Amino acid sequence: MRTYKLKKYKTLIWFVGTSLIVLLLWILFAPYGANKYSHISEEIDKVSADIENISTQNKSLNDEIAKLKGDRQYVEDFARKEYGLLKENEIIFEFKKK
1 MRTYKLKKYK
11 TLIWFVGTSL
21 IVLLLWILFA
31 PYGANKYSHI
41 SEEIDKVSAD
51 IENISTQNKS
61 LNDEIAKLKG
71 DRQYVEDFAR
81 KEYGLLKENE
91 IIFEFKKK
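With the numbering used here, the residue at position 60 of the sequence shown is 60, and numbering never jumps.
Just so you know, these hints were derived from the structure itself, not from any lab.
Treat the hints with care, as some may be off.
Label pairs and their in silico Cβ distance ranges [as the list claims (entries may be wrong)]:
1. 37 to 66: 36 to 44 Å
2. 75 to 54: 23 to 31 Å
3. 67 to 33: 48 to 56 Å
4. 74 to 46: 31 to 39 Å
Below are the DSS-like pairs computed for lysine-lysine, each with C-alpha atoms no more than 25 Å apart in a straight line [to be verified]:
5. 87 to 69
6. 67 to 81
7. 59 to 69
8. 59 to 46
9. 67 to 87
10. 97 to 81
11. 81 to 96
12. 59 to 81
13. 46 to 36
14. 69 to 81
On a predicted model such as this, the values are computed, not experimentally measured, just so you know.
Where a beta carbon is used, it is the ideal one built from N, C-alpha and C, also for glycine.
All chains, full assembly: derive it from the sequences and hints.
Laid out in structure tokens, this is it:
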């Protein structure tokens, strides 16, 4: 009788142990398991950083648009710097270094 109970418990322990190992492997390597979660988490971090950079660039461009629409002096400075434009009766002197 005692060997029957011991054998029964060994079988139960083996079954539970095997089930836990299979369950752990499934959690780690399943299509939506821990491994996939890790990769998705890294991708979310990269995309969040990209969104932050684009938001910063967008704000900078919106500020520049507002200046170009409303600040006449900024438009003049921009035209001089970017396109080399001059005011009326303005002359540029270029001096060569010796």
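Hint check results:
1. The given range of 36 to 44 Å is respected by residue 37 and residue 66, whose C-beta atoms sit roughly 43 Å from each other.
2. With their beta carbons about 26 Å apart, residue 75 and residue 54 fall inside the hinted range of 23 to 31 Å.
3. Take residue 67 and residue 33: their Cβ atoms lie about 52 Å apart, and the range 48 to 56 Å holds.
4. A hinted range of 31 to 39 Å holds for the C-beta pair residue 74 and residue 46, which are about 36 Å apart.
5. With a C-alpha separation of about 20 Å, the suggested pair residue 87 and residue 69 falls inside the 25 Å cut-off, and the hint holds.
6. The suggested pairing of residue 67 with residue 81 holds, with an alpha-carbon distance near 15 Å, which does not exceed 25 Å.
7. A threshold of 25 Å between alpha carbons decides the hint, and for residue 59 with residue 69 the separation of about 15 Å falls inside it, so the pair holds.
8. Between residue 59 and residue 46 the CA atoms are separated by roughly 20 Å; this keeps the pair inside 25 Å, and the hint holds.
9. Of the supplied pair hints, the one linking residue 67 and residue 87 holds, its CA atoms being roughly 20 Å apart against a limit of 25 Å.
10. Restraint check: the Cα-Cα separation between residue 97 and residue 81 comes to about 22 Å, which is no more than 25 Å; the hinted pair holds.
11. With a C-alpha separation of about 20 Å, the suggested pair residue 81 and residue 96 falls inside the 25 Å cut-off, and the hint holds.
12. Only pairs whose Cα atoms come within 25 Å are accepted, and residue 59 paired with residue 81 is accepted, the gap being roughly 22 Å.
13. Between residue 46 and residue 36, the direct Cα distance comes to roughly 16 Å. Compliance with the 25 Å bound is thereby established for this hinted pair.
14. With a CA separation close to 17 Å, the supplied pair residue 69 and residue 81 stays within the 25 Å bound.
Violation of the numbered hints given earlier is absent; every hint is satisfied by the structure.
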